Every structure is written in C-alpha cells, then in structure tokens.
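Put chains E, B and Z with the ligands on the given structure of chain S with help from the hints.
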Amino acid sequence: MPAWFHQFADKYLMWQEGPLIMGSDVLILLASIGIIFTLTYFKKWGWLWREWIVTVDHKKIGIMYMIAAILMLFRGGVDAELMRTQLALPNMHFLNAEHYDEIFTTHGTIMILFMAMPFIFALFNVAVPLQIGARDVAFPYVNAISFWLFFLAALLLNISFVLGGSPNAGWTSYPPLSELGFSPGPGENYYLLALQITGIGSIATGINFMVTILRMRAKGMRLMDMPLFTWSVLAACVLIIFAFPALTVALALLLLDRVLGTHFFTMLHGGNPMMFINLFWIWGHPEVYIVILPAFGVFSEVIATFSKKPIFGYKSMVFALMAISIVGFVTWVHHFFTMGSGADVNTFFAIATMIIAIPTGVKVFNWLFTMYRGRIRMTLPMMWTIAFIPCFAIGGATGVMLAVAPADYQYHNSYFLIAHFHQVLIGGTVFGMFAGMYYWWPKMFGFMLPDKLGKWAFWFFNIGFYVCFLPQYALGFMGMTRRIYTYPSGLGWTVPNFISTIGAYAMGVGFIFMVAQIVQGIIERKLDVTGDPWDGRTLEWSLPSPAPHYNFATIPTVSGRDVWWAVKQGELPKSSLFPAKKDVKPIHMPKSSGRPFILSVFFFIGGVGLVFGLLPLDIIAGLGVAFCLFRRSFEYDTDYYIPVDEVVETETTLGRLQA
Amino acid sequence: MSSSVAASHHAAHHAEGIHVDHPERSVEYQTEDGSLKILGFWIFLATDMILFACLFAMFVVLRTHIDGGPSGKQLFDVTGFTEETFILLTSSFTGGIATFEMHRGKKGRVIGWLILTALLGLSFVGLELKEFIHYAHIGATIQRSAFLSAFFTLVGTHGCHVSVGILWMTSIILQVAKRGINPITARKVFIVNLYWHFLDVVWVFLFTVVYLMGVM
Amino acid sequence: MNRLKRTRIGSVTALALVMMLGLTGCGRQYIVLNPAGPVGKTELHLIILSAILVGIVIVPVLILLAIIVTRFRDKPGNKAPYDPTWTDSKALEFVWWGIPIIIIGVLGFFTAKTTFALTKPPENNVKPMTIEVTSLDWKWLFQYPGQGVATVNYVNIPEGVPIQFVLTADAPMNSFWIPQLGGQEYTMPGMAMRLWLQADKPGSYQGYGANFTGKGFAHMAFTVNAESQSDFNRWVQQVKQTSPALTMAGYQKLAKPSVVGQSSYSSFPPGLFNQVVDQNGGKYMKNMNNMPGMNGASNQTTGGSSDAGRGASGSSGSGGTSNMAGMSNMAGMSNMAGTSNMAGTSNMAGTSNMAGMTMNNSNSSN
Amino acid sequence: MAEHASQPVNQQEHAHEARFPWQYVIGFVLSLILTIIPLELVLHHVIPLSPLTWAALACAVLQIFVQLFLFMHFTSTGGSGPAYHSVTLTIGFLFAFLFVGASIWIMTFNNIAS
Ligand code: HEA
Ligand code: HEA
Ligand code: CUA
Ligand SMILES: [Cu+2]
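Protein chains in written order, with our numbering: chain S, 1 to 659; chain E, 660 to 875; chain B, 876 to 1241; chain Z, 1242 to 1355.
Some hints could be false.
[Unchecked claim] No farther apart than 35 angstroms at their CA atoms in a straight line, the calculated lysine-lysine pairs in the DSBU-like style are these: (1) 766/E / 591/S; (2) 965/B / 308/S; (3) 574/S / 954/B; (4) 219/S / 954/B.
What the hints contain is simulated information worked out from the structure, not anything from laboratory work.
From a predicted model like this one, the values you see are computed outputs, not experimental measurements.
If we strip away everything but chain S, and leave its shape as in the complex, we get (with noise of 0.2 angstroms):
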C-alpha cells in the first residue's frame, strides 16, 4: 500500500485504533458500495434524483425525514447498546474511556438532534398541510432546504467516527473542555457544524410552518377549530423560533474559540465558560419540550380516534399547549441549579419549572377522560398511546422532583436524571413518534402494515424499557454519576446496572421486530383503498391515501372541528369538503429543484472545510451558496399550472368529484 494510504489511514480513519473503529469502516465502505450498486444495477439514479432529491413536495419530504430519522435512531440505539453492553459488569474492557465518551455524546446529540428533530418535522410535513387543507407548505422551497441542511448535518457528524474522530465532551458541550486545549483534533468540530448546520434548517421549518399554519388554513377554519396536532405544531414553532438563535449564537462563539482563538469561553484573558451552558440552555430546555409537544399533538388525535370521541376539554388542551411553550422559556436554570447562581435565582427557575407540570397533568388528565365514556380500539398507534401516559407521568413525576433544588443537588448528572429523561424522551417522545408513524402511516404510503409483528415489537420495546430505565433511579441513589465508562465493584451498583443492560437489549429487539414488520408490510402492501383505513375525524382523512400531490382539488370549506367525522355523521355536507367539477380551477405548484441540494452540499463543504481548517473549501463553498441564493433571488419562473383537466381526471378516478 502507498505510503500516503498509511498515512491517510492512520490519522483519519484511524485504524490504529482497534478492531471497533476499522469494523466501521468496513461497515460504511461495504454499505456505500451496496446502495450504489444497487441504484446502479436498477438504474435507478435518475429516479431519485428526479423522484426525491428535487422534490419540494411536502410528502415526500416529510417521508424523506423519516427514513433518516429511522436511520438515526438505529445509529444512536447501536450506540446505546455498546454503552450498556460496557457498562453491565464493572470494570469491563470492552470499550476503553475515549471510545465510551465518543459514544455517549454521539448517542446524545443524535438522538435529540438527529433522531427527534427529524422525526417530528416527518409528521409536521406529513399531516400539518393535510389536516389544514393547504396544498403545501407556506415555502415548499425552502422546506426541501431544510431537509437537506439537516440530511448532510447529519451525514457530516457521522463521518466523524471514521473521518478523524467522534466528539467526545457529552452533547452538552461545556467549555472548557470543549476548547481546544482540552479537545483538540476535528472531533468537536464536528459536532458544533453539524449542530449548526442542521440548527439554520430547524429554524427555517419553524419560520415555514407557523406561516403555513397561521396563513393557510382552509376557507372557514379558525385557529380554534384546528385539529391538536396542529396546534401543537404550532406551539412547538414558537419554541423553534425564539430557541434555536440561542444555540446559533453558543456554537457560533464555541467555533470561534476554537478556530480564531476568541476567549469566550476560556480559562484564560477573561473568558466565561458558564456563559456557554447559559446560553445552551436557554436552548436546551426549550428544544425538549419542541420535541415532546409534537408527540402530544399525536396523542391527542390518536386518543380521540381511537375513542371514538372528541378530545376532551379542547381549549384546556389548547391553553396548555400555549402555556407550555410560554412558561418552557423561563426555566433552563434548572439544568445548572448546583453552578450557584444564588438561592434567589435557583428558586425562580425552580418554581417557574415545577409550573410546567400543572398544564402537563391537565393534558394527561383530559386525554384520560377523552376515553372515559369512549370506545377504546386497540390498535398499534392506540397501544403507543396508551403505553405512553404512565411511563410519562412517572418521568414527568421525577422531572418534579429534579426541579426541587434543593435536591437536585443530589441528583444532578446522576443516573437518577438519566432515568428521568430517557422516560420523558423515549416514554414521550419516541413512543409518540412511533404512535405518529402507525397513525398516518397509511397516509404517506398508501398500505397498512401488519399487526402481529408490531405488538412484539410494542411488548420487547416496552417492557425492555422499564427493565432498561427503572434500575438507573435505583443507580442514582447509590451515587453513580453519569458519563463514567466504567466502575468499580463492591458499590452495590453491579446488579441494577446488569438488569439495565438486559432491558436495553430487549429494546433493540423490539426495534428489530419493527423493522422487520415494516419490511413484510412493503412485501405484503395491503393497500388502503378507503383512505380513511382508521375511522378519523380530521380533515386528511378525508383525501385518499397517499393524497395526490396537489393534496386538495378545491380548497375545503370547514365549519367547527373534526369536521370529517361531522361529514360521516350526515351532520356536513358532503360537498364542503369534495370538489365539484365546477368549481375546479387550474392549480398553482411551486416546481421541483435541485438547488435546495445543491446548496446543502455546499453547506456539507463548508462544514467539512471548517472542521478541518481547509480553506479553500470554505473557499468554494461561500462562493456556491452565494451563487444559489443569487440565482434563486433571479428567479422568477418558479411555478406551473395543474390544468383543470388533469385534476378533473385525477379527482373522477379517485371518485371524488361533486355534481
């Protein structure tokens, strides 16, 4: 082999690093050549780029998302099955400190960043223009943009582990060992321009999705008569809007430390780390509740159609919501009670967190009296749903008691708090997500999945969990401390930490379960010829499934809320929400593009150029994002015409269209 191999062997891919690293990347080699034969052999190059990587449809980018966000959540779980696997015993040697520390902070800031953050724009972009009866989203442009900014963040963070080394300072960052002195070499890097990165794009989806709910409803909605999902959409587009600048800022300035020699957060000439998890925060605790309100949101419509029932208390819920993401922003202290701001400060940040559970508790209690007196189905999403309140209520329940700051002096950053947000995280926001993803999963493809795989997949998910995350509480009492590869013997910690692996494991078996029902459902494809396969009450039931790519033929006309199932009970007529062929006018589309890629590639050169002070390639890349803004502001021809005709035939197919 060339001796420059070696040489790019050795600092970048790192081989000499073991048998973990090298398997990686023979992992990744292999796979790249296999999905490229693959697209090669089935000539099936053009069709994804012209089928999806130029789309501005909202549906497929909502499924886009999902794909990745599926991707991302096996990445982070084989992650977190190497922690507990390392962890099981005391002083294992399966994976030594710098890999463990590689590994917890990858596991976090992809699950949190690019596990749930994709997941909860696939559903935004899935149901959010559906259930409003708009035709897309306020900037379809700008949302494939979004999409592909987080799709190479993505890809730029997990190249890190083969591509001169994972970040390795927790997902929290904290200077100063995040600082150069401390974290030198491209791992960090990484992690702040991915996190950059894929942060420009969330902000854009915030923007876009509160123009389009707040703008694009159909004719007669009101905000009051929007479906749950949707306001908790737009509740969680607040917390995007105001949070995210404050992560730009905290990465901006990090980077800067790191790449200028700047003294924000250094030790020395005056720099203050703790301004850092100050402005982290300011992020951090909204970006928790942006990512669990959503889920509410699926609750809400689960419960309600599985119930056979309108939601109970609609305006409490919807009060709770606002009031959620209002008071989210007065409480990131919390995440820093024992940095002594004062008793004072601790004391305001505390209470104002404590307030957070009274709308929290008003939701849980009318999503249970939404039941009461209903007809409970129990499908998949149902089964998510329900499985969903006591593991929050009892993660939420120990959130309470982390705000009491007194005692968070004894559970910080132990795995008291490990157990509490894997509860909210993976009780909340992944159970939702996957209750999300078998709700509207007929919507987006068109087929139902298959059911009996998918209950063992519930059953190994859930039980694995309690297994996996209830003896971490157990842990926290006898003083284990997070982030800590290994430990020794003797502390009582042995047993629960080995009960916490077997529960993990059972939880990678229940992923494994989904996938496979997931891969019989695609072989099987029992088609959903009703578009309504659930019995649903809201406005994209109402479309076949999937719905054509103009969505609406004419825009609907509502009155009041769950106005489908108004419809189905004789109580609307029909006509409010079908077209009649008279009213059918040629239909306005933005066109496809391949800019939003494009520019997201130069976004992934800029990135990669940055983490490895390349400048040239920054070079080129300010240059070509330049460009493409440029040519887009010249742009004027960025829409076509659906001719009445067309859709006339489209809607008589589908057997839609009114006298």
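For chains E, B and Z with the ligands alone, coordinates are given in the frame of chain S:
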C-alpha cells in the same frame, strides 16, 4: 397615475405571468405568496433579534473582562461611532423613502433612493472596517481579551448583516430596473427595507450599550 | 388482551420495589437515602416530601388509566356507557387545574425555604472550618488553610463541625459530590464556590466528581474520612511531620492531566488557591469590589467564620452554598460605573501577570 | 406592460402618504433627536451614572418604536389578515430582553444576606 389603479387591477391579473390574487391590497401584498413571504420575513426578524440578544448578553457579561488590555473607554472614538450612527440612521430614512416611492409606483425614484441607501450602507461598512483595522493595528485584536472577542463579534455580526443587506439590495435594484415595479419586485423592495430598518434598530442598541456605555 | 394492564401493574410494582429497597435496611448501598449529616438529611426530607407530593397525583393517574382502559374497550356487549357528546366539564377541569396548583404551591414553598436555608452553615454554635478544593485533571486537591496541610484524592474532616468547602477548578469544570453528606456543587475555573457540609458521625464516605471532564473522569472518586476532633488533630500533626511539602513546581506537576492515587502534603504554597482562582478569571470579581458602583453587593455574613472570606478572592460576604466569587460582574446597571475606573488600574495590571502560571492547562492560543 | 405591472398603492391603506412622506420625515427627525439626547448626556456628564444609563437605554427603546411604527408599518398587513407578525415580534422583544436580563442576573454574584 395612481388614479388608474382600479382600472389596472384586472388588467394586471396576469401581467408578466404574475398571478395577482388580491388586487385590492397594497402592491407588495397582492400575490398570496408575497404576503406569506412578508409574514415569514417578519418572523425571521424575530429570530434574528433573539440572535442579537444572545450576543448582547455575551457582550454585557464580558465587557469588563479586558485582561489587562485596552478597554472600551480607551478605544472608542466618539466622532467615529457618532458618524457611523448618523449614516445608518439616514440610510434607514432613505430606505423608507424608497418604500414610499414604491407605493406610488415611481420606478426611477425607487431605484435612486435604493442606490443612495446602499451607498450609505457601504460607507458605514467602510468606516467600521477602518475602525476595526485601527484597533487591530494598536494591538486590540479579537484574540486580545474576552471583552474584545465579544466586541468584535457583536459589532462584526451586525456589520456582516449590513454587508449582506447591501448585496441583497443591489440584486433588487437590478431586478427593479429590469422588471419595473410589480407585485413581486415591490415585495422584495419592501422586505429588504424591513431588514434594513431592523439593522438600524440593532445598531441603535450597539451605539447605546457598546459605545455610549463604553465611554461613560 | 389484559397484557397492557399487566405491564402497567408490573411497572408500578417495579417502581415500588425500587423505592422499598431504598427505604429499608437492605439499602446500605443507597447512599443518598442514608445521609450522615444535616445537609444530606435536609435534602433527603425534601426528596421524600417531593416523592409523596407527586405521588398524590401520579398514583391516581395510573389507577385511573388502568380502570378506564379496561372498562371502555370497544368490544361487543360492553355495558359501560358510551357518550361521544361528553367532551367538557367545568367541574372536572377545575379539579385537575386546582389540585396540581395546590401541590406545586406546597412543593414550591418548601423548595424556596430549603434553598435559602442551605446557604447558611448547618450549625451555628460550632466554629466552622474551611477546606479549599481544587479539581484538576483528574484528581482532587484539598487544601486546609487553617491547618496548613493539603491532600490529594482524600479529605479528612472533624465530625460535627460545619465545613465550608470552597471550590474551584484548574481544569474543565467538575462537580464536587459527597452523597452521604449532602448535594454537590460545581467546581469552575475562575470562581470560588461555597458548599456547606457536615458529618454527624465518624465514618468513611464516598466522594465523586460528578461533571464529565474527559478521559480520566471515571477515576475521579475520593474518600472522605470523618473522625473525632482529636483524631483529626492527630492526623494533621502526623501529616505535618511525615509528609512532603507541596511546592509550586509540585503543584504544576500535579495539575498536568493524570490519574493518581492518594497523597498528603505538610504544607502548600501560600495563596495558591487564590492564585489559581485569579488566574482563571477570578480577578474580575476582585476589581468589582474596588468599584464605586458595587453598593450592597457584599454583606458580611453572620454564619461565615473569620476564614469564610479567605478562600474566595475578595468576595468577603459569602455565606452561601452558592456564591460565585469571581463570577461576572454586572450587578445591575449601577456597576457599570466601575468600568471606566477599572481600565488600566494597577490592580489589573498586577493580576494579569499571573496568567500563564499553570501553563499546562491553559487552552488559550496566545 | 410596465404600465400594467406597476401596481400602485391601494388608496385607502396608504392615503396618508400620497404626496409627501411625512411619516418618514417625522421618523427621521425623531431618530436623530433620540440619538443626540443620550450622546449629549454622556458627553457632558450632566446626570449621575445610573440614571444616565437608564436614560440612554430608554432612548434606544423609543427608537425601536420609531422604526417599527413610522418606518416598518408594524401593525399593517396590507389587508392580508390578522397582524400575526406584531404578536410574534412583541413576544420576541419580551424574550430578547428576558434572555439578556436573566443572563445578567444568573451570571451575577448573588449575595444572600444570611
Ligand atoms: C422530552 C423531553 C423532556 C421533557 C418533556 C421533560 C420534562 C420535564 N423535565 Fe426534564 N430533562 C430532559 C428532557 C425532558 N424533560 C433532558 C434530556 C434532561 C437532561 C439533559 C442533560 O443534562 O443531558 C432533563 C433534565 C431535567 C432537569 C435537570 C436536572 C439536572 O441536570 O440536575 C430538570 C430539573 O428541574 C428537569 C425537570 C423536568 C420537568 C419538571 C419536566 C416537566 O415538564 C414534566 C411535566 C410532566 C408531569 C409532571 C407528568 C404529568 C403530570 C401529571 C400526571 C399531573 C400533575 C403532576 C404533578 C402536580 C406532580 N429535567
Ligand atoms: C431521544 C433521545 C434518546 C433515546 C431514544 C435514547 C435511547 C437509549 N439510551 Fe440514551 N441518552 C440520550 C438520549 C436518548 N437515549 C441523551 C441525550 C443522553 C446523554 C448523552 C450525554 O451524556 O452527553 C443519553 C445517555 C444515555 C446513557 C448514559 C450514558 C452515560 O452517561 O454514561 C445511557 C446508559 O444506559 C443510555 C441508554 C440508552 C438506551 C439503552 C436507549 C434505548 O432506548 C435504545 C434502544 C435501541 C434501539 C432503538 C436500536 C436498537 C439497536 C439494534 C437493533 C442493533 C442491535 C445491536 C446490538 C445489540 C449491538 N443513554
Ligand atoms: Cu459559574 Cu459562577
Ligand atoms: Cu430542562
């Protein structure tokens, strides 16, 4: 000319392939797409405001951390930053006049005022660069102290915004010159001016918190 | 069919089991639940109180869920009422807004009370003692300003005496935690934080570094030995006689990243702790105190003993669990007064020379 | 065709600015005044520091209103629906001030008299 408005509404319905959804509205809002974009841009401004707020917080916390290096009082030159301030205030005004003329449909005047605005912006950026270079020359670089890191980053971020604004305004001047004032170019003129006024507001706070309080 | 219910019950029992384990005798290992000092006890009481309070709502929720899900299933012949028009109830809404509000009110009250209480020394009649703690990569250095000795990775304290730990870091920030004595507090570069702890009975307690600091972090445990005052005095004497001195060079070597065992020192360079705080940014606090605008920022504490102010550079008034000497300095707008006075004072010039004293962990690029 | 494309203003909405841009001129003058006041106050040290700081900040806040209402048509939506942007921006201002204020509070040495 403005009296012919009503008559031209429907004629303009598909002028230049532009689909006018709301002829009764003010010109920048006449396409549905345009009014969505204006709302979207306002919300973007809200996010940008939070971004600057965080930079301000950083600056305020670090403003005394001069690490034995120069302080604001030693560095800042009152005439210099006052000049910059008045230039930017004036440019905000000229930008506003451009919007005003845009509403009256005066293509030539819109272009003129926009060019004036961009030139004022350019001289602002020039002065700021001169200020920065001077500081760097006397050893007050961004690496010198936490205070200077925060100063250059906060003021520099605003300067970058202004520079982007100038490029953007230039592209819009070209578009107005080429296409005249129609619902699309009008929307662009309106939005770039929103941006410009916003940067003026940010500068007022830089002027107050960074410079005035720096020399107090 | 009933599987759902079963797991639910399963999970509740599992949780109960965990709790029970903790509260009964077999839970020696549950060190947080077996406090050995007043601070830990206060915190444990609050933990129990909060668990009960949240339990008041959470347990009924779990029970309600089980009942509702079994009763209202959609199966033929289910006699439970079905009423899709019942979608609102003022009375019920009142209940589930009201009860949590009351619970949070009570919990909030006790939280506030304890938060303020813990800023004071746990015991007022006994003269407190100060120990200066520096977290390094990856070890703990303890300096006894009153006794003149220093230790690494273990700390001996007299029982029944309130100890004021003054905390800083000369490395990435860590968190100083002795679960059986009480909760943790961060050690941060450039800041001198305070944590009051006290051991009521002799014994050996585990101490941990609770905030991640990199590769050697997992090995940052230390031992706390609480012993009678006379044993403690004897120990001090012994260290003074038998252990080597910690020199500046020795400190610099210690501050380099490494994992080490326990060791003791008969003396340490005077003012070392303050120098470390200053050099990492603490000087900004010092200047604040000289500033005219700093009115009311420093009250003399009653509880703090004569050496309470020693550890923290310049911030004389700090009886808090959580005071941040050396923290940034914008105490309201009035402080800004100081800015201009500050520039170029001799004080500033003097301190800045210290930068670079511990060279190995400076992460500056200059 | 340029004739058609140039869509002048709806007369009702913007009747007040038909001839002379009074609104902008007033705004400009106000912004100059609001800049000169703090500048003069600072340069001539006429009042003590703390009120001076607050006065300067107050002038800056007033300038926000000048730009928003006189230049940016803050409450207008051109007839395109409720002024959602006004609500968003208002919340944004609150959060912006909250983040700065609370950060200062958090990062400040808090002394609890005990
Ligand atoms: C989806 C994510 C999510 C959600 C929803 C929450 C919800 C909550 N969290 Fe959690 N939290 C995290 C994710 C989340 N958290 C993460 C990731 C971390 C750690 C980050 C890190 O350090 O890496 C964390 C850390 C964290 C801390 C910091 C602890 C520490 O670092 O020492 C605290 C402290 O206050 C806290 C509190 C809360 C509270 C009070 C809620 C509340 O919103 C919960 C409200 C819900 C309920 C209470 C249950 C339902 C209510 C009822 C049934 C009735 C009413 C109940 C009562 C009156 C008690 N969380
Ligand atoms: C949504 C967010 C999310 C999710 C879903 C998870 C899921 C899981 N997490 Fe994680 N976790 C975090 C967010 C999340 N986590 C965060 C933010 C941190 C903090 C990081 C930090 O400190 O910086 C953290 C930290 C963290 C720790 C603490 C590490 C430490 O501090 O030392 C642990 C330890 O047990 C853990 C475990 C798990 C497990 C077992 C799962 C399981 O649910 C995973 C289930 C598994 C899968 C879904 C995929 C299954 C895999 C396969 C099918 C492949 C099979 C392969 C093998 C068995 C090798 N997580
Ligand atoms: Cu951190 Cu003070
Ligand atoms: Cu939080």
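Against which earlier hints does the structure fall short, listed by number upward? Per hint list: single violation, 4.
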